[in-house]
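S.K.: Residue numbers (our numbering), protein chains in the order written: chain A, 1 to 167; chain B, 1001 to 1457.
Just so you know, these hints were derived from the structure itself, not from any lab.
C-beta: ideal position from N, C-alpha, C; glycine also.
Hints are all accurate, no fakes.
Ranges of calculated distance between the beta carbons of each label pair, as one might list FRET restraints:
| no. | chain 1 | residue 1 | chain 2 | residue 2 | range |
| --- | --- | --- | --- | --- | --- |
| 1 | B | A1150 | A | S8 | 20 to 26 Å |
| 2 | A | Q53 | B | Q1126 | 33 to 39 Å |
| 3 | A | T17 | B | K1240 | 44 to 50 Å |
| 4 | B | G1286 | A | E153 | 27 to 33 Å |
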Amino acid sequence: MDRIKMISESLKQKFDTIIARYPTKRSAIVPLLLFAQDEIGYVSEEAIEEIAQRVGVRPIEVVEDISYYSMLHRQPIGKYNFQVCTNISCMLRGGEEIFQHCAKKLGIGHKQTTPDGMFSLEEVECLGACCGAPAMQVNYDYYENLTPEKVDELIEELKKKEPGPRT
Amino acid sequence: MADYSNSMPGSPLEVKVLTRRIGIPGSASIDVYLEHEGYQALRKALGMNPEDIIQEMKKSGLRGRGGAGFNAGMKWGFVPKHTGKPKYVVCNADESEPGTCKDRVLIEYDPHQLIEGIVIAGYAIQSHQGYIYIRGEYRYLMEILDRALAEAYARGYLGKNILGSGFDFNLYTHTGAGAYECGEETALLNSLEGLRGYPRVKPPFPALIGLYGCPTIINNVETLSNVPHIVLNGGEWFAKLGKPNDGGTRLFCLSGHITRPGIYELPIGFPLRRMIEEVGGGVWRGRRLKCVIPGGSSCPVLTAEEIDVPMDFDSLAKIGSMLGSGGVVILDEDTCMVKAAWRIMKFYAHESCGWCIPCREGTMWLKSLLERFHGGGGLDEDPDTALDVAYNILGKTLCPLGDAAAMPTISILKKFRHEFEEHLKAGSCPLENRGAGPGSKDSGQPSWAPGPSSSQL
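Build out the structure end to end from the sequences listed, making use of the hints.
M.R.: Right, here's the structure in full:
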């Protein structure tokens, strides 16, 4: 799979709008990183350079932020990232079993990606869906009151879609 | 997007103030909001003296809904009136306390209520700029907020010369990217400035030196959503809904082993026993109660004998726990408390930002100890060692994350010591051995799956 490394022109324009919201450009770093990742699937070296230059910091300062925030990653991951919560409220209602079911079904473990680049799996901390436990997010979409059957249905549904990077 | 009734099954015992518009079709749109008293409080506030709004806030007894429970009016009152610097209002929408999912519904179904509260807060402290810091995972909520902000700008409730009053206020959303620590107010400010979310030394408090070194108020989503109601109906009315010095209602999130999990709006001081038995329908599957986490995973736990307590800040403090963020987690008789302690600690070890050594090292040590202990490798001295480590985190860190990790651990070690003894005696988890435990592997990783184990999260 070809890796996209550079963000689009339209996103660069959105960057200008976001940067203008703050008295210091640096404030925009984390939102810019996340939006760049949303577009190209990960935070590429090129994106780091671009963002550093736009907010007027050295690239290493951008990298310092990336390593702090758990949603940011510097390597491509699957098109559909299964983020299963196993924190206390989810654990009490079977969150660990949901995680293990996903692992078995997808054939991958925590923070791994299927060879076709379709799925990634991650055990995550509280998603703020405690009353709908057990819960997970696939990319930004919430799935609550999960059962192994619901997970199976979702995986089958997603498998029918085109492989490729996240869009 | 889920139907609201999934997370809000409803109860006749609810007193709906913040959630009263939820259920009306299109409640997130400005037109529906305007049809239901929307922006009337802002209109009233703009005709008031800012100082009087702060007085009304103090009278209301509204205390911070993010967990700390500080009087919101007092917080606003600390902002200096005359300063050459800009002032800022920051809304903390970084909801991530385990067991808490209330801000989500307030934003999803009534974003204008929050926006109105923020603008009034801005007027009260004479600030002209605000940010809503929202956790990265809540992307769909940020989109809802961005749409609502655009509507509010278009109708003149934001921007220049709001409703012809001469008051200007700009408001933006700002996304985080995954960090529990950024819910702590000074770490949030660093994050908003584009830095790693490390906490700052307090004092100075943000009211004096906050965002960009300027006076700043930071309030939780639920706190700010209460503001329009206080302005419209008066501080006294609000105080009477709850308790003196702790006014209003709370959005309680009932989760875990409860028959009807959900978010319920109940008056401050509502009895915990009735909340579990009548509002939530009791412990699930007809089982008995073992333990309650009363306000998010940072709070000391309560045993089944301790639930005859009114749910307000002072009553819970009196029995050695906290009301926290309103996340009420129910644990039934078949729950292993060693495992619960381990899972809670695994979270704090993952989320410790690493700035303060007692928290960085202590949470990792406790997580390893509890994991080993629950897995059958416990030593006689482990419970005392764990207590020692926890007490050496408590009060020794810049921000409350260290305390938040230590307190539940200490309470479980003290109140459920017998379960630790039973593990030692059995050489493994007695509950899982009889097949009733919630899971059989602690690693969260099937043994056949390659790759790093979850303990390296």
